[in-house]
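*Asks:* Chain residues, written in single-letter form:
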Amino acid sequence: MAYTEDDLREELKTKEYEYGFYTDIESDTFPIGLNEDIVRAISKKKEEPEWMTEWRLEAYRAWEQMEEPEWANVHYEKPDFQAIAYYSAPVAVDPNKTLDDVDPDLLAMYKKLGISVDEQKKMNNIAMDIVVDSVSVATTFKDTLAKKGIIFMPISEAIQEHPELVKKYIGSVVPRKDNFYAALNSAVFSDGSFCYIPKGVRCPMELSTYFRINQAGTGQFERTLVIADEGSYVSYLEGCTAPSRDENQLHAAVVELIALDDAEIKYSTVQNWFPGNAEGKGGVYNFVTKRGICEKNAKISWTQVETGSAVTWKYPSCVLKGDNSIGEFYSIAVTNNYQQADTGTKMIHLGKNTKSTIISKGISAGKSQNSYRGLVQIGGRAENARNFSQCDSLLMGNDCGAHTFPYIEAKNKTAQIEHEATTSKIGEDQIFYCNQRGIDTEKAIALIVNGFSKEVLNKLPMEFAVEAQKLLEISLEGSVG
Amino acid sequence: MSLKDKLVSSHIVFQESLDPDSPIYDVRNEAIKHFEEAGFPTKKDEAWKYTSLNKIIKPDYSIFPNGEAGLDYKDVKRYFLHSLDTYKIVFIDGVFSSHLSETTHAGIDVCTMRSALTKSKYKAVIDVYFNKIAPKESLISLNTAFAKEGAYINIPKNKVADKPIEIIHFSTGNEAATMLQPRNLVVAGENAEVQIIERHQSLTENPVLTNSVTEIFADKRANVDYYKIQNDTPEASLIDNTYVDQYDDTIVSVHTFSLGGKLTRNNLNFYQKGEHIDSILKGVTIIGEKQHVDHNTLVHHAQPNCESHQDYKGIYDDNSTGVFNGKVYVDKIAQKTNAYQSNNNILVDDKATINSKPQLEIFADDVRCSHGCTIGQLDESALFYLRSRGIPKKEARALLMYAFANTVLESVKIPQLKERITKQIANKLGVNVGFAL
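So the sequences go chain by chain: A and B.
Numbered by the numbering used here, the letters in the first sequence go through residues 126 to 606 in order.
Numbered by the numbering used here, the letters in the second sequence go through residues 1256 to 1692 in order.
Among the hints, a few may not be true.
Claimed, not checked - Distance windows between CB atoms, simulated:
{"hint": "1", "chain 1": "B", "residue 1": "Ile1267", "chain 2": "A", "residue 2": "Arg165", "range": "55 to 63 Å"}
{"hint": "2", "chain 1": "A", "residue 1": "Met191", "chain 2": "B", "residue 2": "Lys1587", "range": "32 to 40 Å"}
{"hint": "3", "chain 1": "B", "residue 1": "Thr1359", "chain 2": "A", "residue 2": "Glu195", "range": "23 to 31 Å"}
Stated by the list, open to error - Below, in silico cross-link-like pairs of lysine-lysine (DSBU-like), each with a Cα-Cα straight-line distance of 35 Å or less:
{"hint": "4", "chain 1": "B", "residue 1": "Lys1299", "chain 2": "A", "residue 2": "Lys492"}
{"hint": "5", "chain 1": "B", "residue 1": "Lys1288", "chain 2": "A", "residue 2": "Lys203"}
{"hint": "6", "chain 1": "A", "residue 1": "Lys477", "chain 2": "B", "residue 2": "Lys1310"}
{"hint": "7", "chain 1": "B", "residue 1": "Lys1683", "chain 2": "A", "residue 2": "Lys477"}
{"hint": "8", "chain 1": "B", "residue 1": "Lys1649", "chain 2": "A", "residue 2": "Lys477"}
{"hint": "9", "chain 1": "B", "residue 1": "Lys1414", "chain 2": "B", "residue 2": "Lys1673"}
{"hint": "10", "chain 1": "B", "residue 1": "Lys1545", "chain 2": "A", "residue 2": "Lys477"}
What the hints contain is simulated information worked out from the structure, not anything from laboratory work.
Beta carbons are placed, not taken as given, at the ideal position from N, Cα and C, and that holds for glycine.
Whenever a hint applies, use it, and build me the whole structure from the sequences.
*Replies:* Put into structure tokens, the structure is as follows:
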């Protein structure tokens, strides 16, 4: 009998069950609260070696001594750190749940974003009928990557399999005591990704697609470590455009990028966590520490599209340590309703002939507050350092705010720094021009916002640029009054 | 004993020496209490992130300098704008010097704060304006606590000051270290116009610390043109706090020329409380050695249809440090605001530092706000162009630097003053070029 598609479907169905989450959930959830025992228990759960346990404990002890930062231009109710469960196993698939159980608003949004039914199900933890795509794709990817010698796996596995790499680099860019949330993350991180690109290898694909399949179940304290060895290249995309109704209130992730001599890392983020409802209730607190270090001739490029989260507090940074290294930051931050975002970057120029570019576009609508906060620092030995920063804000409506807090510190006379910022609104004449040509106001605004954000959208990997564009449109829906 | 303790304990003596019926007796008491709680600002305060007062407050300052040291006009003549007829309010070590001054009560009041605070005919003005806009901050409170002397200028409705007013504070170095706390009040009534030039000048190598507070009120359609010349000795430090209240259709401009001094901190704050206001804040900073200049500006747009223009240029040599911390705040109702802010800097030496923080906080949507900040060097090709035409390197550099600062200089409305500052800048750059451009 011929092997039909139905057979495959049947097989995959059983496979799904075979590899499904069979762990007993009860025994996998830790009591709420945080103390040394919890940290030890997390480490034990992950079967980590002794040095990792100690590393976590030291971070925990440092965290205990630290205070929650208050300098950011955001106001929110502080989370109670002793009321959070710091470890729970991934949520199991509920076999009885169907798409009909999912919030219709969410489904409508998926439709607009053009997300396939399967992906929708995956995002809502619904068992899938057809997994042909993902399974095959994942395997092909794994093969290709392995051939090139690229290591790409959950960080918990990397700790077991490549302890020498993890030990050498973890905490080298974002030290455990760096800040309150970084210390917390270092103590309790549950999982995340680890990526190593060997010398001279150009990673043949965006590491995004695979990640999207792989990411289910990563907890609220993610830890990502990307190491690009000499002369290598990797483009990494995290997050996805689809809205994720995560139950976790607090997300404190740490991302460390290491670009060794002549390497290049392109790191793109699309963040669309639950922003809270139109009245500002609920929503995710997104407190993230992201930093990369560039050795000689290396380049790190951060691109982010931030549309979600009730409170965002995020400054992807570059330490330009090596001579001739380059740092880039492209960002679009959209806030609507009661969202608050305080985001920007830090460019620390230490090496000679280092260059950095900052393009930040903030769009505020509704009753939201959107801040750009950035630092450009030129060290005394950073000869011929060059920086260009541009932060533009677009205000829609009269109840929102746009703020710019750039810090510029130069200690070298050969430095050339330019910073410019503008704040404006969408001109009535611009809208009129569109209306006149038969484009309704809502579409016209989408058009103008897209034009405003184009410089950043262009930097996203192609497939995501399209989705991000739609996402901008949706995020600002109804903000036209 | 730290300076703070010394100030707090000597305040009692100070108050006892004054009239308890003074309209500001209680204000002073409250102020010293606040200062005692708050203390001197430290680098932990965001507004003082780049400027430390630690070294400045170390010397054992004499808070009440000993009497009037005689100064002959011929010794200090060069500090006056002698080519121009002006009213003069001159203080020597914080004490009013009548023989160097030229005050008036003819239609306008140009006199001293001491008489304004003690004479009953000024009580109404003092009650309305004294300490009304200066916020409750530690250094302001400190000044208020010891407020006693300074310039008092009141230009009533529809009056125009017939000549510019010079305010000069000399310190003679009678004491090993002197602390001065002048308090100035400028009230411009409806349609009034006034031009003021303020200068702090130390005549000694001994440390001097000046903590000055100036409050300026501009009523409808008034026009206030204020110039601050800061070209002091390497041991003199200045903390200048200026607060401006503007009402409908007023134009107030403050030009600050920081060309010397050990540490100079300018807190310049504009509050726009009416419509169609124009606020102009401009500054040129040219320093070297271990000098430190910090410009901390705020323009608060609280009403619609107003403008503000900020333009600060800085040239930093040797080990000097420059700070620019500018903030534009636009309230929700302040629609149609146009706010511009620009800060350009040239670092001449590798050891010089510049920290710039131009901020925008905007809550209204129909506004045009922009800021720009640059740090760079002189254009090599422009330098080459000049040198190829026979202009020596030093002069060529000076010429380019002058051109760089000229956007600020050209808006100085008193020609004699402009010439004076141009000369000082030429001096500073070590050239004899007349800059007769």
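*Asks:* Please go over all the hints and tell whether each is borne out by the structure.
*Replies:* Hints, one by one, checked against the model:
1. B:Ile1267 with A:Arg165: 55 to 63 Å: 60 Å, holds
2. A:Met191 with B:Lys1587: 32 to 40 Å: Holds: the Cβ-Cβ distance is about 36 Å, inside 32 to 40 Å.
3. B:Thr1359 with A:Glu195: 23 to 31 Å: 52 Å, violated
4. B:Lys1299 with A:Lys492: 31 Å, holds
5. B:Lys1288 with A:Lys203: 33 Å, holds
6. A:Lys477 with B:Lys1310: Holds: Lys477 of chain A and Lys1310 of chain B sit about 33 Å apart, inside 35 Å.
7. B:Lys1683 with A:Lys477: 31 Å, holds
8. B:Lys1649 with A:Lys477: It holds: about 28 Å lies between the C-alpha atoms, which stays within 35 Å.
9. B:Lys1414 with B:Lys1673: The given pair, whose Cα atoms are some 25 Å apart, holds under the 35 Å limit.
10. B:Lys1545 with A:Lys477: Holds, at about 25 Å.
Violated hints amount to a single one, hint 3; each of the other numbered hints is respected by the structure.
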